[in-house]
Amino acid sequence: MIPIRKIQAGVMLLASAAVITACGSKEVDDLPPPATGTAGANQGPVGNMIRPGSQQDFINSVGMGNDRIFFDTDRYNIDSADQVTLQTQAQWLARNQGAQITIEGHADERGTRDYNLALGERRANSAKNYLVSLGVSPARVRTVSFGKERPQALGSDAQAWAQNRRAVTVIVN
Amino acid sequence: MSIRPVKIFALSCAAFMLPAASFAQSDDDGGEPELIEVDIENSVRSVAIPNFVAPTPADTPAGNTAILGQQVAQIIASNLSGSGLFKTIGPSGVRAINMGEVTAPQYPYWQGRNADQLIQGFVRANGDGKLTIGCYLYDVNFGSETARNGFVVEPRDWRRAAHKCADSIYSKITGEAPFFDSRIAYIAETGPKDARVKRLAIMDSDGANHRFITNGQSTALTPRFSPNYRSILYLSYKDGNPRIYVYDVDSGKQRLITENRNPTFAPRWSPDGRTILYSMAVGGNTDVYKISINGGTAVRLTNTPGIDVGGSFSPDGSKIVFESDRSGGQQLYVMNADGSGQRRISFGGGRYATPEWSPRGDLIAFTRMGGGFRVGVMRPDGGAMRLLTNSWQDEAPTWAPNGRVIQFFRTQRNSGKTGIWQVDLTGRNERKLPTPVSGSDPAWGPIRP
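Line order of the protein sequences matches chains S and Y.
Heads up, the first sequence is in my numbering, so the first residue is 38 and it goes up one at a time.
Heads up, the second sequence is in my numbering, so the first residue is 223 and it goes up one at a time.
A portion of the hints provided could be inaccurate.
What the hints assert, rightly or not - To give an idea of the interface, some chain S residues facing chain Y are shown, with a C-beta separation under 10 Å as derived from the structure:
id : residue
1  : 142
2  : 148
3  : 156
4  : 158
5  : 182
As the list claims (entries may be wrong) - The following label-pair restraints were derived from C-beta to C-beta distances:
id : chain 1 : residue 1 : chain 2 : residue 2 : range
6  : Y       : 475       : S       : 191       : 31 to 39 Å
7  : Y       : 635       : S       : 101       : 24 to 32 Å
8  : S       : 209       : Y       : 484       : 13 to 21 Å
9  : S       : 191       : Y       : 563       : 38 to 46 Å
10 : S       : 197       : Y       : 333       : 58 to 66 Å
11 : S       : 102       : Y       : 412       : 26 to 34 Å
12 : Y       : 637       : S       : 125       : 46 to 54 Å
13 : S       : 86        : Y       : 452       : 50 to 58 Å
14 : S       : 131       : Y       : 493       : 47 to 55 Å
15 : S       : 118       : Y       : 637       : 30 to 38 Å
16 : S       : 101       : Y       : 417       : 19 to 27 Å
17 : S       : 88        : Y       : 549       : 44 to 52 Å
As the list claims (entries may be wrong) - What the simulated footprint calls covered on chain Y by chain S, stretch by stretch (three residues with Cβ under 8 Å from a Cβ of chain S suffice, anywhere in the stretch; the number is not a length):
id : segment
18 : 498-507
19 : 544-552
Keep in mind that the hints were calculated from the coordinates and are not lab data.
Beta carbons are placed, not taken as given, at the ideal position from N, Cα and C, and that holds for glycine.
Use the sequences and the hints to build the structure in full.
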């Protein structure tokens, strides 16, 4: 039996191919990777085993929700709650020296597009700098800003915006 | 039956012109930027437009000239009424005219229809495969001809001839520079809010001749047409990082503007198309840079801690307006094109972002944040600030080639659905542009030659 996820991926691939074909040859052949909020989908459990150093291992170790820190409006400082979260992440990274990470910086929808790209980059760098101060090698840390392009919460209210002003640590190998 | 010689304006490179008749072209382009108050004429003129005549109906690659005559009249009516400055009568519901009438209007009939102005014309298939579209403007009350223009075009460019006709009439009556014969690059949006598919797309200023450029596999943002329409600067996540590419419209090829591992965004062209302005984040600190379109060494123009981003050249290329949060929140600053003389120009309440210098030089459009997002304009010295829109989130103004109309995108609360809107400098005549799917980040190009 084919796993459901694979079927979905196959359908999406077909749909994408149809779009490419339908829209003519002049379109830019821009292949993946698409912008995704969370990478590492292929690093999940193998059977019942969780591979050490994987995204799943990271989440299990640091605890659900501790893959990310949150920011106040227009701010990028690391507050005491963020420090606790990042310290937990740094401990895992110390135990898994082979792991490389990407820190994704995000902003809420209440900023203009270009500024939010810059703000997301600033937030991702804040998280990176704090991890580096805890002994994580900067060579292991990549940052990427998604500005306001990939909200986690979909509403247009204070609660949703607070969830979206975030820097998320993702294991990439 | 005879037609007097028509001033011919060819759209192809092999332009040929007969001696000009009475038509006077506005000379605003290229002059010194004027620091003037907004003086858009607000009175609405009543203009009648019967279907253009096909003296000898003929089939062409663009369709039969009789049908083209109806379509040309519809486009002209749609352009003029869409500007908000004209109330159009016809082409449906008014009498059909014959070829003789094109140069000899039945003024009493049009007076009876309460028309102040009358636009008539014809579509003719030439022996060489091209089309000639004649375009005449009459003052109904004075019973006199005001302007005439002829456009010789390839059949595929028939819509451009209609836009050129509408432009010539718009300019003649309002005294403003033309803007209908122009194109727009923007981002077409589909899909849910947290996984939006964003594709680079281009279209004519009225939404026609729409084409998707990218296929949506990578997020595309913030396009800008080059002054000659041959290239488009835009941001893509193609390699996983936000970076600026320059896309060649004819070949479909693209390249990075700078070989650099840092994220680059907020691209803009200099007015001569030779320089690219962009923003780059290094270690979380964003500054404004410029680089030649031919590559070479980038020049860093700002160096304050914080976010210096965006930027737009003045039409003479001597100055740049950009945004910076160096004073706390986002505000607008003007500097010389070499980065010297940076000074803040926005001092109203709230934050100011996405400055765009008008092609006329007299105003800077911006997004103001405070409560909601609103689009407004101010003089380059920061004076005479006015807000033009009032919705939940209006963002990223872009100027019509004549500096009298602004497009922006409007986002709906919660759903995040976007649309491209247009407003004139009076803040009136606000309307949504027709796009096949949702749209954002509009970028209006110059008037086409």
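Results of checking the hints against the structure:
At about 9 Å, the closest approach between the beta carbon of residue 142 of chain S and any beta carbon in chain Y falls short of 10 Å, and the interface hint on this residue holds. Among the interface hints, the one on residue 148 of chain S holds; its C-beta lies about 8 Å from the nearest C-beta in chain Y, closer than the 10 Å criterion. Here the hint on residue 156 of chain S is kept, as its CB sits about 7 Å from the closest CB of chain Y, short of 10 Å. Annotation: interface hint on residue 158 of chain S holds; nearest CB of chain Y at approximately 4 Å, less than 10 Å.
The beta carbon of residue 182 of chain S comes within 6 Å of a beta carbon in chain Y, closer than 10 Å, and the hint placing it at the interface holds. One distance hint, 31 to 39 Å for the beta-carbon pair residue 475 of chain Y and residue 191 of chain S, holds here, with the actual separation near 37 Å. At about 30 Å, the beta-carbon gap between residue 635 of chain Y and residue 101 of chain S stays in the expected band of 24 to 32 Å. Look at residue 209 of chain S against residue 484 of chain Y: about 19 Å separates their beta carbons, and that is inside 13 to 21 Å.
A C-beta distance of roughly 44 Å is found between residue 191 of chain S and residue 563 of chain Y, which places it inside the suggested range of 38 to 46 Å. Judged by the Cβ atoms, the range 58 to 66 Å given for residue 197 of chain S and residue 333 of chain Y holds: they are separated by roughly 60 Å. Our hint of 26 to 34 Å for residue 102 of chain S and residue 412 of chain Y holds, since their Cβ atoms are close to 30 Å apart. For the pair residue 637 of chain Y and residue 125 of chain S, the beta carbons lie near 36 Å from each other, so the given range of 46 to 54 Å is not met.
Between residue 86 of chain S and residue 452 of chain Y the Cβ separation comes to about 55 Å, which falls inside the hinted range of 50 to 58 Å. Between residue 131 of chain S and residue 493 of chain Y the C-beta distance comes to about 54 Å, which sits within the given range of 47 to 55 Å. Residue 118 of chain S and residue 637 of chain Y have their C-beta atoms about 31 Å apart, which keeps the hinted 30 to 38 Å range intact. About 21 Å separates the C-beta atoms of residue 101 of chain S and residue 417 of chain Y, a value consistent with the hinted range of 19 to 27 Å.
Checked against the hint of 44 to 52 Å, the C-beta distance between residue 88 of chain S and residue 549 of chain Y comes to roughly 49 Å, which is consistent with it. Counting residues of the segment 498-507 of chain Y whose beta-carbon sits less than 8 Å from any beta-carbon of chain S gives 5, enough to reach three: the coverage restraint holds. Check result for the segment 544-552 of chain Y against chain S: holds, 4 residues qualifying (beta carbon to beta carbon below 8 Å, three or more required).
In this structure, only the earlier hint numbered 12 is contradicted, and the remaining ones agree with it.
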